[in-house]
Amino acid sequence: MNTSMKPLIELKNITKTFDDQQILKGVSLNIYEKEFLTLLGPSGCGKTTTLRIIAGFDEADDGDLLFDGIEISKLPPYKREVNTVFQKYALFPHLNVFDNIAFGLNIKKTEKSVVQQEVEKMLRLVGLSGFENRDVTSLSGGQQQRVAIARALINKPKVLLLDEPLGALDAKLRKEMQFELKKIQQEVGITFIYVTHDQEEALSMSDTVVVMNDGYIQQIGSPTDVYNEPENRFVAQFIGESNIIEGKMIRDCLVFFDDFEFECVDKGFKDNEEIDVVLRPEDIDIVEPQCAKLQGVVSSIVFKGVHYEILVETKYRNYLIHTTDYHEVGRAVGLTFGPEDIHVMWKSF
Amino acid sequence: MVLCFAFFYVPIIITMIFSFNSSKSFANFTGFSLRWYESLINDSEILSAVGVSVSVAVIATVVSTILGTITAIGLSKSRKILKEWVLNINNIPIMSPDIVTAIGLMILFTSVKLEKGYFTMLLAHICFCTPYVITSVYPKVRSVDVNIANAAMDLGATPFQALTKVIVPMIKPGIYAGMLLAFTMSIDDFVISYFVSGNGVENISMIVYNATKRINPTINALSTVVIMTIFVVVFAVKIAPVIAKQQWFRRLSVKIPLAVKRVFLFASCAAVVFSLIQFGGIYRGGTTKTLKVYNAGEYIDESLLELFEEQFDCKVIYETFDSNESMYTKVMSGEKYDIIIPSDYMIERLAKEDFLQPVDKSLLDNFDNVIPAILNQPFDPENQYSIPYFWGNVGILYDSTVVRESDLEAGWEILRNPDYKDNIYMYDSERDSFMIALKALGYSLNTTDKSELDRAYEWLSEQKRLVNPVYVGDDVIDNMVSGYKAMAVVYSGDAAYIMSENENMRFYAPECGTNLWIDGMVITKDCKNTALAHDWIDFMLEDENAAVNTEMVGYSSPVEAVYTEISQTVYEGNEAYVPRQDNPKDEYFRYQDPEIKKYSAELWTKVKTQ
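Note that the protein sequences, when read in sequence, are chains A and B. Quick note on my numbering: the first sequence kicks off at 48 and runs consecutively. Quick note on my numbering: the second sequence kicks off at 2 and runs consecutively.
A few of these clues could be false.
Mimicking DSSO-like on lysine-lysine, the simulated pairs with C-alpha atoms at most 27 Å apart in a straight line are [to be verified]:
id, chain 1, residue 1, chain 2, residue 2
1, B, Lys-353, B, Lys-586
2, A, Lys-159, B, Lys-166
3, A, Lys-205, B, Lys-166
4, A, Lys-155, B, Lys-173
5, B, Lys-84, A, Lys-135
6, A, Lys-168, B, Lys-166
7, A, Lys-156, B, Lys-173
8, A, Lys-135, B, Lys-173
9, A, Lys-121, B, Lys-166
10, A, Lys-135, B, Lys-78
11, A, Lys-121, A, Lys-168
12, B, Lys-78, A, Lys-72
13, B, Lys-290, B, Lys-451
14, B, Lys-331, B, Lys-599
15, A, Lys-135, B, Lys-81
16, B, Lys-81, A, Lys-72
17, B, Lys-84, A, Lys-156
18, B, Lys-166, A, Lys-203
19, A, Lys-126, B, Lys-78
20, A, Lys-126, A, Lys-81
21, A, Lys-135, B, Lys-166
22, B, Lys-84, A, Lys-126
23, B, Lys-166, A, Lys-155
24, B, Lys-78, A, Lys-121
No lab work stands behind these hints: they were computed from the structure. Computed from a predicted model, the values in this text were never measured in an experiment.
Next comes chain A alone, as it looks inside the complex (with noise of 0.2 Å):
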């Protein structure tokens, strides 16, 4: 992201309790126009709670909330610039699908007219045309969906807050409406901050991953940066899979771990100092036991369509390798890596 554009909302040291559990422990975060961001945390870590305080339906205890450079933390969420789409959509059932995503303009009194024409553009880019007077109840998930999204999109907020939307549908539409929301995001151009639990998810659809844990955020970066570089042993476990070593780094550029020192790309560690090593499976290759330094067995095998995974057994751990070659079990072998395909991290705490 361009950072040197002016953040559109800006995180300041956000703190939030619930009876007397600390579920913000100082959010700090900025956030760009047109970007799309998303919060990716296991539950509890404190991502929908930061997604509330921006939307207005909860209030920071302590920390400021700047929109545009103005803070908003007192403002009601019906002030705010911003919408929603709910977990569960939270459609209002005793309305058609016309008068739900009619229901923004309704309340500022917008001309009938106007009302329609919106609506039915809204419908269209959310591919629901047609289904003006249908029932809520009566769609599938999928559609409730694209309801919720109109719904919100109609009041031309400058961001849109999206909880978890694709939690409660089928691993395929899912996907379907991933694609979707991109295009949808790209389409209307405006800031998606997106809350999920899914590493792939967030992946695959966002700009900027922020890696939230415990109330903290872990990480910050696009999604290369945070799958390739992960900053701490949570991000690297949680992006992913990976083999994640103690080790020291006898100086810059020349990691030990396992008995052996190896040459790797990371510098501004002190001498000696002990760090985590994340090795992704994906870039171990099995070779013959002579031409590597770690050797090993292998353990167990598992086809996963595109690759298998290959549990290796070393002296000190298993190494998780992915690779398209077939290795029987039982069978000694050993295991390489460039210097590049070591990753390595601060220890964590």
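Mind docking chain B on chain A? Use the hints.
Same frame as chain A, but now just chain B:
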């Protein structure tokens, strides 16, 4: 299932059929007529009660629905522990008997010195209706997704708009159910209204209850109207959604919600206007002289009330009770009246408890008109506190076509003659029944000797074994008009009425003595305007008024000239209208010692359950 429905609906259908009966009887259908509907329309007391019932119900429904809905919504947002507690507390008034709520409210209103009347009744109804609304609305609120309100506000609705445009429409079914419950609860409430109302404000239930002393088919007509109204409402509620789903109707229905709204608005306005009139009435009542009279139900010709108001330029607040005991309870709870008309033994009790003011006979021009034989009786020597209102005795009413004259010589013993097995009505009243047994045995009916009571108990249980009498209340009147049984123990005034309706009936008081009774007018200690109270007593003793009254009610007038006149004209040859005054064995009831009362009550229970 058919049987079940028959069980539900037969009573209702019978009520409806008899509302079209041309005669007063509930037993024989003598022909179709609308006279009871006519008298319903002309009965200002019933009409004003309908007004009270409906306006209280409408206002209470609206207020309790709003209160209950807001509470339910608020509750769903509060903490779990609070929620559970409030819901449990909310259930207490629903589950507890009405009488407990009623007494609680009555004590509350008395203790905060709120004058009982329309306003207190309205408050009480709001109070007992609200829990029902909460109970029916709360589950609906619970079922609403927590994010619905957020979604509305997110889309630009203020919290109030979110409530009115989203939450309320979604929980509408619950609100309607609550409204319906509240309305039915309010409109048919008797117990609570009875205790918290005052100053002559009565609703339909209270009128009906107090009117059961006398058969009054107007009540049937009223019931029929009420049932039809309910039927129409239920029909509308059930059928309307079905019709609304029809396509042809949808096209028409655009304007219907508006019409419904208007009707509702109109009803509310009407109710509010009515209640304002009620308040206004009380207000006006405060500026002129008022007299509060408490009398037994169906015990006056009500035209006399208006006449008195006219003559003395005052307002009479007239209320009725169903028994001396319930009157006593209400008076002791702090309800204030100027004039009460209790029976002899109750007069003695009230005087003993220092509740009455002496009557100043020098203020009563017509006191000399009273039959001397019914004055100066042991329950109130010198008539210090009471002036007779009606009087009479108790005797046996018999069907002269069935009962042999010769059998009558046995006196009360005829009630144990096995020839009349299953053919006798007795009063379901401990004191009246023991009176008969004691007199049959030659004792005083005010005996305090437990062995005499034991003997009386044996007499009564033997009677039950021999003739198996049916123990009844005021329904004896209509049953005897219809001639269902050969004999019945009745009050002379009721007998006079029955005989005027059924010429086969005769009345006789056994020689071995019976119960003489007098209902008297007394002035309470609470009475401020004693001059007006005396005017009232004097007014009731005036020849003309006493004549109107005795003709309407059927009991014997205490005014000598009227008594003589009526006994020779309207009730000529009607031995029940002329209770004997010369048998030394006849006695008045005295106030009973509580221990004796309890003892005989226990014996009476044993008789009935043996």
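Each hint, compared with the structure:
1. B:Lys-353 to B:Lys-586: holds (26 Å)
2. A:Lys-159 to B:Lys-166: holds (18 Å)
3. A:Lys-205 to B:Lys-166: holds (25 Å)
4. A:Lys-155 to B:Lys-173: Judged against 27 Å, a Cα distance of about 24 Å means the pair holds.
5. B:Lys-84 to A:Lys-135: holds (25 Å)
6. A:Lys-168 to B:Lys-166: holds (24 Å)
7. A:Lys-156 to B:Lys-173: holds (24 Å)
8. A:Lys-135 to B:Lys-173: Given pair A:Lys-135, B:Lys-173 holds - Cα atoms ~22 Å apart, limit 27 Å.
9. A:Lys-121 to B:Lys-166: holds (24 Å)
10. A:Lys-135 to B:Lys-78: Within the cut-off at roughly 19 Å; holds.
11. A:Lys-121 to A:Lys-168: violated (33 Å)
12. B:Lys-78 to A:Lys-72: Given that 27 Å is the threshold and the Cα spacing comes to 26 Å, the pair holds.
13. B:Lys-290 to B:Lys-451: The hint is violated at about 50 Å.
14. B:Lys-331 to B:Lys-599: Since the Cα atoms of B:Lys-331 and B:Lys-599 sit roughly 21 Å apart, the hinted pair holds (cutoff 27 Å).
15. A:Lys-135 to B:Lys-81: Cα-Cα ~23 Å, so holds.
16. B:Lys-81 to A:Lys-72: holds (26 Å)
17. B:Lys-84 to A:Lys-156: violated (37 Å)
18. B:Lys-166 to A:Lys-203: Given that 27 Å is the threshold and the Cα spacing comes to 21 Å, the pair holds.
19. A:Lys-126 to B:Lys-78: holds (22 Å)
20. A:Lys-126 to A:Lys-81: Between A:Lys-126 and A:Lys-81 the Cα gap is close to 21 Å, so the pair holds against 27 Å.
21. A:Lys-135 to B:Lys-166: holds (20 Å)
22. B:Lys-84 to A:Lys-126: Given pair B:Lys-84, A:Lys-126 is violated - Cα atoms ~31 Å apart, limit 27 Å.
23. B:Lys-166 to A:Lys-155: Satisfied, since the Cα-Cα distance of roughly 13 Å is no more than 27 Å.
24. B:Lys-78 to A:Lys-121: Within the cut-off at roughly 21 Å; holds.
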